[in-house]
Amino acid sequence: MDKPTRIIFSGEGGQGVQTIAEIMARAGHLSGHRSTYLPNYGVEQRGGVSIAFVQLCGCPEEATSCSCNIGFPKFKKADVMVVLCERAIERTRRYVKKEALYIYDNSLISNALLAGISCPKIALPATEIAKKKLTPRVFNVVLLGAVIAYTGVIDKKYIIKAIEEQFAEKIKKNPEIKHLNRRAFDIGYEVMSDIIRNAKKERVSV
Amino acid sequence: MKTSNFPKCYKKETKPNKFCPGCGHSLTLKTLGQVIDGFEISKKMVFGIDIGCSLLAWDFFDIDTVQTHHGRVVPVIKGIKMASPKTVAIAYMGDGGGYAIGLQSLLHSAKRNDPITVILVNNTLYGMTGGQKAPTTMKGEVTSSTPGGVFTDDEPFMGPELINHITKGKAYTARASVGNLFDLKRKIQEAIMYQINGKGFAFVEVLSMCPLNWKTDVKNTIEFLDKMEKVFPVGVIGKS
Amino acid sequence: MAVKVKAKKYLLTGNEIIVQAALDAGAEMFCGYPITPTTEILTGWAEKAAKDKNLLFLQTEDETSAGFTVIGGVLAGKKAWTATAGPGNILMQDPMSMAEAMRLPTVCYIGQRGGPSTGTVIYSQQEVTLTRFGGNGEGMRIVYSPSTLQELYDLTIKAFEAAWKYRFPTFVLGDGYLGKTLGDVDFHKKPKNYASYPFVQNGEINNLRNTFSIEEELYDNLKDHFKDFTEMSKDVSECEEFMLKDAQTVVFAHGVVGSATKMAVRELREEGYRVGLFRPITLSPFPSKETIRAVKRAKRIVIAESSYGQFGRIVREVLYGVTDIPVHRLYRPAVGIMPEDIVEKVKNISK
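Chains as they are written, first to last, in our numbering: chain A, 1 to 206; chain B, 1 to 240; chain C, 1 to 351.
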């Protein structure tokens, strides 16, 4: 029985946490993987800590059947944590396990606050990268690129298609949005791929 | 051959009706029956009734009738009209049902200008439960829940005026009295025509009698109704 | 191990799936009031109605009015329905009790949220008792409890079929986890559709009431309804029995907790635990016979639910006097129960 890949995205409401989670589930679906995405937030419409739970089955793309244990959309421990703001550290601490990978935006979160998180961590200055190379608004997609590169479950082409589906309305009004998000995704993907390559060279596990 | 003076749409096997002697409901319903006969709509209409003494009319007519819950006849009748726009939809309720427990639905139906006709019978108290204070209870009036009389600034509820205000005169709003059945008939006619002509929400408040709970004899009943007509002005309040 | 076919056709949220199911079941009219976590059903239907003039929609002033307007639509012959949650479910009991009394087919989706009172806005299983028994009556209602997105679709369609076939108020008792989850679903090609029919303006003169003058008259009326309800129960009650054959531990769970339990059972089986799941798909009528059969060879049972025993009370009532094996409770009101919780519980009691 295969276990699905489980990812938690968390940040401030409005940072685009739910958007990238939905893109990931959508890409999973497009590639033939079973996927679920559950948003989780409080009563507030805006401004609370926003959490998203995503599960993706781990079967190879060409598989015609799947016995991954997916059903319930929430879970206790994530394989990958993506944390976009300082407030989310405490809110999501309970979902962290020792073997998880903790990806955080160190342009928004000071490293000192993560002393109590015991799993491997990767600092990725997504906001800074997006600000410098594109526009700060797409920093969430930079992080998505990093997650996809790390998990390796979904082929890039499905993410690109999912991004186009997700932003279809916006792209219609402004075609530039497609380009921006694609670039953001590629940059995140490359940055993470480099990190993984270097880690392999140095025989350090991330 | 003319056999009686009663409306043809009466359900004969349920007569004499369930209302108390002297009650204004039977007068109001008889007048409504005459209008229904005159317009020949008995087969094209649904008569919805509320809780309170009005519920006793659930089998009053040989007409499709639906008895609902307290304050809920307006949404049920709205639902019927929505699903079947050709049906003439008439809601019948008391002052407690319309102005207390069901006011929210009454006002929103009026505000939406739903094409339904609402007839509300006002006898200034809750008749079925034994004469408690209603939104329409007048100053000084003794009821079983205001044994000392109403002496506060609690003004009686002016339903048609309120509806006229919130609909900016778009709805048909009128007040009539069982003291003048000719006038009552004309207003019920207008209120039903308002719906048939697609003009929207129509509302008639009927000043009515409850000698049982008023604890009045014939003379005092008539005096009570006269007083009501002074407090609640009879007439067409608004129409477009 | 059951192997499922991959890649279902559509990726939708639970709330979108419910709207699609209603459309596929022939629903024509929706009246409702916004409330988390079911608002997307109202707005989803509003969007459909804006594009299709045959679909009727009304946002009412409150849930009570929503339910009564639905009843008006049903009386006039439309397949009308509504959706609500939590405090809205309380207000909805006024119209649903009238539907129960007058044997009107209604469909109401409930997205359970935490209670009492305003509680939380996304998840719980605390509306079991309210949905089964709300109102001043005997709870002659049909209540489906879906556990997956696919079941949200399938059981919503079944709810419409059952309501118009048997004329009892019918509920689909979901929750915000199901409603808000985005996931895979397949649609039927052709659901069985029972035609709707008018209760007024149908060629006869109908004097419909829910009030009676004398007690005996109401008693006779209720006896007829009970007879119909009992007869209908055989056809309608449903359950899922998963790996029960040699199970020493039987976990009882319903709704989305049933999904979590199924995952837990798979994991525990891999480790050699003889455990199975009994999941009622209808909470009313309840699959009592199957419940009794499920524990025949069991050594212990676990009842898992996101409530403090609302579901457990049904199970224990059915099993009263049938068995004396220990009953373990995993009652977690208002919070989710994850597969890990069930695994842990089963391991603890199997020691």
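Careful: at least some of the hints might be erroneous.
Residues of chain A clear of chain C, computed beta-carbon distances all greater than 10 Å [what the hints assert, rightly or not]:
{"id": "1", "residue": "ARG26"}
{"id": "2", "residue": "TYR37"}
{"id": "3", "residue": "LEU38"}
{"id": "4", "residue": "PRO39"}
{"id": "5", "residue": "ILE70"}
{"id": "6", "residue": "PHE72"}
{"id": "7", "residue": "PRO73"}
{"id": "8", "residue": "LYS178"}
{"id": "9", "residue": "ARG182"}
{"id": "10", "residue": "ASP194"}
{"id": "11", "residue": "ILE196"}
{"id": "12", "residue": "LYS200"}
Simulated restraints, written as ranges between beta carbons of each label pair [what the hints assert, rightly or not]:
{"id": "13", "chain 1": "C", "residue 1": "LYS234", "chain 2": "B", "residue 2": "LYS15", "range": "56 to 62 Å"}
{"id": "14", "chain 1": "B", "residue 1": "GLN132", "chain 2": "C", "residue 2": "TYR10", "range": "36 to 42 Å"}
{"id": "15", "chain 1": "B", "residue 1": "GLY38", "chain 2": "C", "residue 2": "GLU317", "range": "20 to 26 Å"}
{"id": "16", "chain 1": "B", "residue 1": "LYS12", "chain 2": "C", "residue 2": "TYR10", "range": "55 to 61 Å"}
{"id": "17", "chain 1": "C", "residue 1": "THR230", "chain 2": "A", "residue 2": "LYS170", "range": "22 to 28 Å"}
{"id": "18", "chain 1": "C", "residue 1": "ASP235", "chain 2": "A", "residue 2": "GLU176", "range": "54 to 60 Å"}
{"id": "19", "chain 1": "C", "residue 1": "LYS296", "chain 2": "B", "residue 2": "THR14", "range": "53 to 59 Å"}
Below, a list of computed lysine to any residue pairs in the SDA-like style, where the Cα atoms sit at most 20 Å apart [stated by the list, open to error]:
{"id": "20", "chain 1": "A", "residue 1": "LYS98", "chain 2": "C", "residue 2": "GLU344"}
{"id": "21", "chain 1": "A", "residue 1": "LYS76", "chain 2": "C", "residue 2": "THR43"}
{"id": "22", "chain 1": "B", "residue 1": "LYS111", "chain 2": "C", "residue 2": "PHE57"}
{"id": "23", "chain 1": "C", "residue 1": "LYS245", "chain 2": "C", "residue 2": "LEU319"}
{"id": "24", "chain 1": "A", "residue 1": "LYS3", "chain 2": "C", "residue 2": "GLU270"}
{"id": "25", "chain 1": "B", "residue 1": "LYS12", "chain 2": "C", "residue 2": "ASN207"}
{"id": "26", "chain 1": "B", "residue 1": "LYS86", "chain 2": "C", "residue 2": "PHE57"}
{"id": "27", "chain 1": "B", "residue 1": "LYS133", "chain 2": "B", "residue 2": "VAL231"}
{"id": "28", "chain 1": "A", "residue 1": "LYS3", "chain 2": "C", "residue 2": "GLU267"}
{"id": "29", "chain 1": "B", "residue 1": "LYS111", "chain 2": "C", "residue 2": "LEU56"}
{"id": "30", "chain 1": "A", "residue 1": "LYS98", "chain 2": "C", "residue 2": "MET338"}
{"id": "31", "chain 1": "A", "residue 1": "LYS76", "chain 2": "C", "residue 2": "LYS347"}
{"id": "32", "chain 1": "B", "residue 1": "LYS15", "chain 2": "B", "residue 2": "GLN34"}
{"id": "33", "chain 1": "B", "residue 1": "LYS86", "chain 2": "C", "residue 2": "ASN202"}
{"id": "34", "chain 1": "B", "residue 1": "LYS18", "chain 2": "C", "residue 2": "GLU217"}
{"id": "35", "chain 1": "A", "residue 1": "LYS76", "chain 2": "C", "residue 2": "LYS345"}
{"id": "36", "chain 1": "B", "residue 1": "LYS219", "chain 2": "B", "residue 2": "MET158"}
{"id": "37", "chain 1": "A", "residue 1": "LYS3", "chain 2": "C", "residue 2": "LEU56"}
{"id": "38", "chain 1": "B", "residue 1": "LYS86", "chain 2": "C", "residue 2": "THR211"}
{"id": "39", "chain 1": "B", "residue 1": "LYS86", "chain 2": "C", "residue 2": "LEU56"}
{"id": "40", "chain 1": "B", "residue 1": "LYS12", "chain 2": "C", "residue 2": "ASN206"}
No wet-lab data here; the hints were simulated from the structure.
Virtual Cβ for every residue (Gly too), placed ideally from N, Cα, C.
Going down the list of hints, with the structure as the test:
A beta-carbon of chain C is positioned within 10 Å of the beta-carbon of ARG26 of chain A; the least distance is around 6 Å. Not every CB of chain C lies more than 10 Å from the CB of TYR37 of chain A, the least distance being 4 Å, so the non-interface label is violated. A cut-off of 10 Å between C-beta atoms contradicts the statement that LEU38 of chain A is not in contact with chain C; the least separation is 5 Å. For PRO39 of chain A, the shortest C-beta to C-beta distance to chain C comes to about 6 Å, within the 10 Å cut-off, and the non-interface label is violated.
Not every Cβ of chain C is farther than 10 Å from the Cβ of ILE70 of chain A; the closest lies at roughly 8 Å, contradicting the non-interface assignment. The claim that PHE72 of chain A is not at the interface with chain C is violated, since a C-beta of that chain comes within 10 Å of its own (minimum 4 Å). With a least beta-carbon separation of about 4 Å from chain C, PRO73 of chain A fails to lie farther than 10 Å from that chain, contradicting its non-interface assignment. Under the 10 Å C-beta cut-off, the non-interface status given to LYS178 of chain A relative to chain C holds; the minimum distance is some 20 Å.
Here ARG182 of chain A stays apart from chain C, with its beta-carbon at least about 21 Å from theirs, past the 10 Å limit. For ASP194 of chain A, the condition that its CB be more than 10 Å from all CB atoms of chain C holds, with the nearest at approximately 31 Å. With a least beta-carbon separation of about 28 Å from chain C, ILE196 of chain A lies farther than 10 Å from that chain, consistent with its non-interface assignment. The beta carbon of LYS200 of chain A sits about 31 Å from the closest Cβ of chain C, which is more than 10 Å, so the claim that it is off the interface holds.
With their beta carbons about 45 Å apart, LYS234 of chain C and LYS15 of chain B fall outside the hinted range of 56 to 62 Å. One distance hint, 36 to 42 Å for the beta-carbon pair GLN132 of chain B and TYR10 of chain C, is violated here, with the actual separation near 56 Å. Range check, GLY38 of chain B to GLU317 of chain C: about 59 Å between beta-carbon atoms, so the 20 to 26 Å window is missed. At about 59 Å, the CB distance of LYS12 of chain B to TYR10 of chain C agrees with the hint of 55 to 61 Å.
With their beta carbons about 56 Å apart, THR230 of chain C and LYS170 of chain A fall outside the hinted range of 22 to 28 Å. Between ASP235 of chain C and GLU176 of chain A the beta carbon distance is about 58 Å. The supplied range of 54 to 60 Å therefore holds. Separation of LYS296 of chain C from THR14 of chain B is about 57 Å and conforms to the stated range, judged on CB atoms against 53 to 59 Å. About 19 Å separates the Cα atoms of LYS98 of chain A and GLU344 of chain C, which keeps this hinted pair within 20 Å; it holds.
Taking the CA atoms of LYS76 of chain A and THR43 of chain C, the gap is near 32 Å; set against the 20 Å cutoff, the hint is violated. In summary, the hint linking LYS111 of chain B to PHE57 of chain C is supported, as the alpha carbons are separated by about 17 Å, within the 20 Å threshold. In summary, the hint linking LYS245 of chain C to LEU319 of chain C is supported, as the alpha carbons are separated by about 19 Å, within the 20 Å threshold. Restraint check for LYS3 of chain A and GLU270 of chain C: satisfied, since their Cα atoms lie roughly 13 Å apart, inside the 20 Å limit.
Taking the CA atoms of LYS12 of chain B and ASN207 of chain C, the gap is near 14 Å; set against the 20 Å cutoff, the hint holds. At most 20 Å may separate the alpha-carbon atoms for a hinted pair to count; LYS86 of chain B and PHE57 of chain C meet this at roughly 18 Å. Between LYS133 of chain B and VAL231 of chain B the CA atoms are separated by roughly 16 Å; this keeps the pair inside 20 Å, and the hint holds. Restraint check: the Cα-Cα separation between LYS3 of chain A and GLU267 of chain C comes to about 10 Å, which is no more than 20 Å; the hinted pair holds.
Between LYS111 of chain B and LEU56 of chain C the CA atoms are separated by roughly 19 Å; this keeps the pair inside 20 Å, and the hint holds. Distance check on the hinted pair: LYS98 of chain A and MET338 of chain C sit about 19 Å apart at the alpha-carbon level, within 20 Å; holds. For the hint pairing LYS76 of chain A with LYS347 of chain C, the CA-to-CA distance comes to about 17 Å; that is within 20 Å, so the pair holds. Of the supplied pair hints, the one linking LYS15 of chain B and GLN34 of chain B holds, its CA atoms being roughly 16 Å apart against a limit of 20 Å.
Simply put, LYS86 of chain B and ASN202 of chain C have alpha-carbon atoms about 13 Å apart, close enough for the 20 Å limit, and the pair holds. For the suggested pair LYS18 of chain B and GLU217 of chain C, the alpha carbons sit about 17 Å apart, so the restraint of at most 20 Å is met. For the hint pairing LYS76 of chain A with LYS345 of chain C, the CA-to-CA distance comes to about 15 Å; that is within 20 Å, so the pair holds. Taken as a hint, the LYS219 of chain B and MET158 of chain B pair is broken in the structure, with Cα atoms around 26 Å apart against an allowance of 20 Å.
The hinted pair formed by LYS3 of chain A and LEU56 of chain C fails the criterion: a straight-line CA distance of about 45 Å is larger than 20 Å. In summary, the hint linking LYS86 of chain B to THR211 of chain C is not supported, as the alpha carbons are separated by about 28 Å, beyond the 20 Å threshold. Of the supplied pair hints, the one linking LYS86 of chain B and LEU56 of chain C holds, its CA atoms being roughly 15 Å apart against a limit of 20 Å. Restraint check for LYS12 of chain B and ASN206 of chain C: satisfied, since their Cα atoms lie roughly 15 Å apart, inside the 20 Å limit.
Of the hints listed earlier, those the structure fails to meet are numbers 1, 2, 3, 4, 5, 6, 7, 13, 14, 15, 17, 21, 36, 37 and 38, in rising order.
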